[in-house]
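Participant: Protein sequence lines correspond, in order, to chains A and B.
Numbering of the first sequence is given in the working numbering, commencing with residue 7 and proceeding in unit increments.
Numbering of the second sequence is given in the working numbering, commencing with residue 206 and proceeding in unit increments.
Simulated from the structure, these hints should not be mistaken for lab results.
Computed from a predicted model, the values in this text were never measured in an experiment.
Facing chain B, from chain A, some residues (calculated, C-beta under 7 Å):
#: 1; residue: Q40
#: 2; residue: F49
#: 3; residue: G73
#: 4; residue: R74
#: 5; residue: Q76
#: 6; residue: S80
#: 7; residue: P85
Quick reminder that beta carbons are idealized off the backbone N, C-alpha and C, glycines included.
Here are the chains, one letter per residue:
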Amino acid sequence: MAWCAVAVIIDAQHLRETAAIGAKLERLGFKVEQVRPEIGAIFGAGDSDLFPKAAEIAGVQDVRQEGRVQLPPSDEETPQ
Amino acid sequence: MSNGDSEEMQTDVLLDRQRPKPTGGLVVIFREAAETAAQIAALEAGGLRASALPIVADLTDFMAAERDVCAVLTELGVAFVPECAPAQAGELIGLLSDQEAVADTRPEFYLFATAPFQDTPERTWGVAAVGAVESPFTGQGIRLAVLDSGLDLQHPDYRERRVASRSFVPEEDVDDLQGHGTHCAGTAAGRPLDSGTPRYGVAPQAELYVGKVLNNRGAGRERDILAGMAWAVGEGCQVISMSLGAPVRQGETYNTLYEREAQAALSAGSLIVAAAGNESARSNGYIAPVGMPANSPSILAVAAVDQALEVAEFSSGGINAGIDGGGAVDLAAPGVGVFSALPLPREYGSLRGTSMACPHVAGCAALWAESDPTLRGRALWDSLTQSALPLSADERDLGKGLVQAPGRGGPAAA
Numbered sequence: 007m008a009w010c011a012v013a014v015i016i017d018a019q020h021l022r023e024t025a026a027i028g029a030k031l032e033r034l035g036f037k038v039e040q041v042r043p044e045i046g047a048i049f050g051a052g053d054s055d056l057f058p059k060a061a062e063i064a065g066v067q068d069v070r071q072e073g074r075v076q077l078p079p080s081d082e083e084t085p086q
Numbered sequence: 206m207s208n209g210d211s212e213e214m215q216t217d218v219l220l221d222r223q224r225p226k227p228t229g230g231l232v233v234i235f236r237e238a239a240e241t242a243a244q245i246a247a248l249e250a251g252g253l254r255a256s257a258l259p260i261v262a263d264l265t266d267f268m269a270a271e272r273d274v275c276a277v278l279t280e281l282g283v284a285f286v287p288e289c290a291p292a293q294a295g296e297l298i299g300l301l302s303d304q305e306a307v308a309d310t311r312p313e314f315y316l317f318a319t320a321p322f323q324d325t326p327e328r329t330w331g332v333a334a335v336g337a338v339e340s341p342f343t344g345q346g347i348r349l350a351v352l353d354s355g356l357d358l359q360h361p362d363y364r365e366r367r368v369a370s371r372s373f374v375p376e377e378d379v380d381d382l383q384g385h386g387t388h389c390a391g392t393a394a395g396r397p398l399d400s401g402t403p404r405y406g407v408a409p410q411a412e413l414y415v416g417k418v419l420n421n422r423g424a425g426r427e428r429d430i431l432a433g434m435a436w437a438v439g440e441g442c443q444v445i446s447m448s449l450g451a452p453v454r455q456g457e458t459y460n461t462l463y464e465r466e467a468q469a470a471l472s473a474g475s476l477i478v479a480a481a482g483n484e485s486a487r488s489n490g491y492i493a494p495v496g497m498p499a500n501s502p503s504i505l506a507v508a509a510v511d512q513a514l515e516v517a518e519f520s521s522g523g524i525n526a527g528i529d530g531g532g533a534v535d536l537a538a539p540g541v542g543v544f545s546a547l548p549l550p551r552e553y554g555s556l557r558g559t560s561m562a563c564p565h566v567a568g569c570a571a572l573w574a575e576s577d578p579t580l581r582g583r584a585l586w587d588s589l590t591q592s593a594l595p596l597s598a599d600e601r602d603l604g605k606g607l608v609q610a611p612g613r614g615g616p617a618a619a
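Turn these sequences into a full structure, and let the hints guide you.
Facilitator: Pasting the structure below:
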């Protein structure tokens, strides 16, 4: 069990149902923080053990940890 | 023979192999008081034929046409003696050195440029290499977004400038404490207030939109980056620069969400350019794949070149090119020793990386967008790739080549 930032991707055929899928995720125990129907994205937080259950929801293409980027330290020698 | 002697001898051999190579010709330097007639007479006393050449620029044509005649550059008080046999050269140096009008005679050597581009007091090497200096366009009327760590709004070059900005980072305003965003925004659209500062911005008159999507420690969440992209598109930015990314594995495909956002951007007339990534160690033979989001098919991926227009050591390559239509490098731009703005108190500094290359392309995109109002979205992408200067490296590493600004034929070395 690991609580983490989550990204849920909705498949292209179910973009209009993004908000409804978000509600289903909340019922599963996810904390939904941002819903983006135009690109089929739901962001929030949740237990990674619940990912397989979330992936079974109709219209869900993928459930994964939210991506992050990290710049290196700002100095002249390190490629930025 | 001691080890020390051995090392010394080896060093001498290496130095010897690197010594400048003589052309076989001679350079004759005349005394300041020597008239042209005296200069020619001195050469003729050495058994040479000579002709005065008042205009230095004519030298190349002259030497090509008159292979056996010395060219006397009267403006400089110097003469070039054509190639002669080594034994004859030694004798000639002696003869000419005895002449009253001659101050010095020495062998001529080949010179090679080690880096064709360098910064000058007027402009950075990158701005020159992409042709922005000669371009008649400045980005006027074009909205250019930089999604990064924000901008130092107290920097002298931005304090008086109208900048649209928004922070997508929770509990942080747009002020850039990290430095990366200020540097990238400067390369894309910086405009020095002080005339003593070199021009470092490719599109200095572009309308700058700054979206802070990376926090003051340089970290960014996927949701905030996507929100920043949507904001820039919604604001009508024709160009969106993203000097950020995360590494991917060999064989890994692109991120669906970045691709969807980028497709929507292209449809709305916004072109997104992104840094290819810095994970390569080319001197060790390792080339890393283009990172995300630059690996999205609808985002233009930018690699970095150095001042010799060679692919930078760290620049990621198109290792995953063709996987689901993404993963390729599309263009290259200056990404080594890039001078630009930095937050106070540093004010200015040089950085390296594909993050520095990316805003050169964004700036050029703004110039192209200004040059023709029909160049938006995919048409703008095509104009950039079709006008690029092909470079010697593989397309896998540098895409279609060095990005070029509109309004000129090619880069001028300096």
